[in-house]
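S.K.: Letter by letter, the chains look like this.
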Amino acid sequence: MTNIETSPFVDRLLAWSLRHSIRPLTGNVIATVAIIMVGLIRALFVASIVPWLLFIPAVLLIALVLGRATGIYASILAAIVAGLSIGHASEPLWLTLPQWTGSIVFVAVASGIAILAAELRAAFARATRLANEKEAASLQLAEREAFLSSVLASSTDCIKVLDLDGRITFMSEGGQKVMEVSDFNEIAGCLWPDFWQDKGNVDARAAIAAAKAGESHSFTGRAETIAGTPKWWHVAVSPVLGRDGMPERILSVSRDITASREHEEERGQLVRIVENSADFIGIARLDGSVFFLNDAACQLVGLDPGAINSVMITDFFPPAEAEAVLMEVLPTVTRDGSWSGERMFRHFQTGELIPVFYTVFPVTDYDGTLIGYGTVTRDFRERRRAEEQQVLLNHELSHRLKNVLSVVQSVAAQTLRQADNLHDAGEALSARLVALGEATNVLTAQSWASADLAELTARALAPHGGLGDRIHAEGPPVTLKPEVTLALALALHELATNAAKYGALSNATGQVWLSWSIDEGTEPGGSRFLLNWRETGGPQVVPPTRRGFGSMMIERSLRSYFKATAQIEYLESGLVFCLDAPLGEAAMVSK
Amino acid sequence: MGQSKPINSRSILVVEDEALIRFNLINYFENAGFTVYDAENADGAISILDANSSIRVVLTDIQMPGSMDGLRLAHHIRNRFPPTILFITSGVISLSERDMPADSFFLPKPFNPRSVVRTIDGLRG
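These protein sequence lines are chains A and G, in that order.
Just so we're aligned, residue 3 is where the first sequence starts under the working numbering, counting upward by one.
Just so we're aligned, residue 3 is where the second sequence starts under the working numbering, counting upward by one.
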């Protein structure tokens, strides 16, 4: 707007008169004084031909400063003053006719000027008011703008304005900080969805499309900042409507939720760990009522997951244990912060006692007040079983060891008792202990539950040499009972020893034929185990005159162990030993 | 623990299912001058005792197959043949005086048969 130059004096005078509203009476007094003064000046100094002229500026000024009514009043007063000063008593009407005409014209003109000046005054007043209002408004606007931009700048959200194609046209200062933008010009005009990968990209495009259609849309996604820091964002995209109510631009507000998301993920992981734990995990209130149990817990004690909220801590224990938990465990947790030890749970359905390793810890709220008890409890059944098994095994081992020692004691005692001299006794005892050792090896391989006959035979006869060459062993697979194994091993050892001393193995050509078989028999349970030791090609057999430990061992002990007939025959062609036992006494399984 | 009644008959019954051990005990007690009877199980032992009233000493293993184990056999003998001296052996369990019939001696396996003879001789006093 072009500024029209105004007189600063008139401006100030006008402004002053507008600021100080002058009462009409005061205005009229001022006007009267001014007009009279102008009249005096005119009368004294201006011998004018046109007496009213000098009043015009005064009327103008008065109307301008004091308003229309006072202006008109001044005009009339000026005409009177002028008339008084130019009139003459000689005239019948004081003034001449032209003077009267001039006076009337003057009043009309001056009133017009006064009205015009008053209008000017009003216009000035309006203009001043408008200017003031405008100034106030623009001040307000500036304040508002400063406020808004400080809000935008201080927001940690990334506030962006996009065009309808999704190009970035604005990004808040705080937004540039969280997006790690060093120079906004680098990203101005870039397509916003391009900052998102994979699902985020799809979501961003969908949000733009929705905003374009006038709808708001929000999503959560992962995107890297400009500097490449991966972050999680919650994004709200909404249309900015134009005057016509149609989407004109798009507002996108992204909030960095990385921290809470990580916290959530951590929490989620913890929850998954708790839920999937194979351990019993539970939480109860201070009054003992349970409010959380994981699946493993429900399973361990046979509790329907729907019934979790209706059970108490003490329901998990048999009465005596429950008493101990109330009197000892929970007070200890409250006092010391934890309790752990072995306890017995009771199965809700079967009542079965379940040995557990029970650990209880306090559950507190944010300010540390105890609000309940938590437990991580381990099923100790397997461990107890293993421990019991261990005890059993130790016991069993001790038993077997003592039994073997007793057998060794017996073999040693008899060997010594029957030997001709100490040297022979030592030799014989050594060899017998080796045979016993081999037999225990075979038994140990099967956890002392059984022994493979072929294996036992091979081991018992191996020390005598010629196995497969001069000693021929054959028979179907037979699994011997452990009770007979030591005795049979010793018997085979004695037979081989005897053969080496006096029989088929004492010369260069003799042969030993060891065979065994199973005779199914005709009656049920009538199967027989048959073992046959036959020597051929040895020196002529001379039946012994004294029956030593060897033959006693062979015949009598096998009869006892196998409930068998056991017989040594000293045939001329060679020694023959036959064992005929009920299969059930000899073998575990026969194939 | 012991009883002071003299033992007139030097005869012993050995009840042991493990033949290798039984034979050694038979052999040992025979050499020590005993008349030795032997059985593989409790039933055999009872038959022998019924038939031989002179037997005053019984040595029995606890773990044996059959209807009765050695401990029950010992109680049976104490009731039925009160003066009999009982030696009870086991490689599995250890017995206290409470678990055994009166006038019984427990021998953990393996044991020295000489201690049996010494105990008998002591009682004979």
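Note that these hints are calculated values from the structure, not bench results.
Treat each hint with caution, since some may be false.
Heads up, incomplete: computed chain A residues facing chain G, CB under 8 Å, no partners named [as the list claims (entries may be wrong)]:
#, residue
1, Pro100
2, Arg251
3, Lys404
4, Leu418
5, Asn423
6, Leu424
7, Gly428
8, Gln448
9, Ser452
10, Ser559
Derived EDC-like pairs (lysine to aspartate or glutamate); straight-line CA-CA distance at most 16 Å [what the hints assert, rightly or not]:
#, chain 1, residue 1, chain 2, residue 2
11, A, Lys565, G, Glu42
12, A, Lys483, G, Asp123
13, A, Lys214, A, Glu182
If you want the footprint, here are the derived chain G segments under chain A, 3+ residues with CB under 8 Å [unchecked claim]:
#, region
14, 30–43
15, 48–56
Each residue gets a CB set at the ideal place from its N, CA and C atoms; glycine is no exception.
S.K.: A separate judgement is required for each hint: does it hold in the structure or not?
M.R.: Hint-by-hint comparison with the structure:
Interface restraint check for A/Pro100: the shortest CB-CB distance to chain G comes to about 165 Å, outside 8 Å, so the restraint is violated. Below 8 Å, beta-carbon pairs count as interface contacts, and A/Arg251 has none with chain G, the closest being about 94 Å; its hint is therefore violated. For A/Lys404, the interface hint holds, the least distance from its beta-carbon to any beta-carbon of chain G being 3 Å, beneath 8 Å. The beta carbon of A/Leu418 comes no nearer than 11 Å to any beta carbon in chain G, farther than 8 Å, and the hint placing it at the interface is violated.
A distance limit of 8 Å between C-beta atoms decides the matter here; for A/Asn423 the minimum to chain G is near 18 Å, and the interface restraint is violated. Contact between A/Leu424 and chain G, as hinted, is not supported at the beta carbon level, the nearest pair being about 18 Å apart and thus beyond 8 Å. For A/Gly428, the suggested interface contact is broken, since its CB lies about 18 Å from the closest CB of chain G, more than 8 Å. With its C-beta approaching chain G no nearer than about 20 Å, A/Gln448 sits outside the 8 Å limit, and its interface hint is violated.
A cut of 8 Å between beta carbons decides the hint on A/Ser452: the least distance to chain G is about 17 Å, and the hint is violated. Using the Cβ-Cβ criterion of 8 Å, the hint placing A/Ser559 at the interface with chain G is satisfied: the shortest such distance is roughly 4 Å. Using a Cα cut-off of 16 Å, the hinted pair A/Lys565 and G/Glu42 holds, with the two alpha carbons roughly 11 Å apart. Restraint check: the Cα-Cα separation between A/Lys483 and G/Asp123 comes to about 40 Å, which exceeds 16 Å; the hinted pair is violated.
Taking the CA atoms of A/Lys214 and A/Glu182, the gap is near 28 Å; set against the 16 Å cutoff, the hint is violated. Three residues within the 8 Å Cβ limit are the bar, and the region 30–43 of chain G against chain A gives 3, so the coverage statement holds. With 0 residues bearing a CB less than 8 Å from a CB of chain A, the region 48–56 of chain G misses the requirement of three and the coverage assertion fails.
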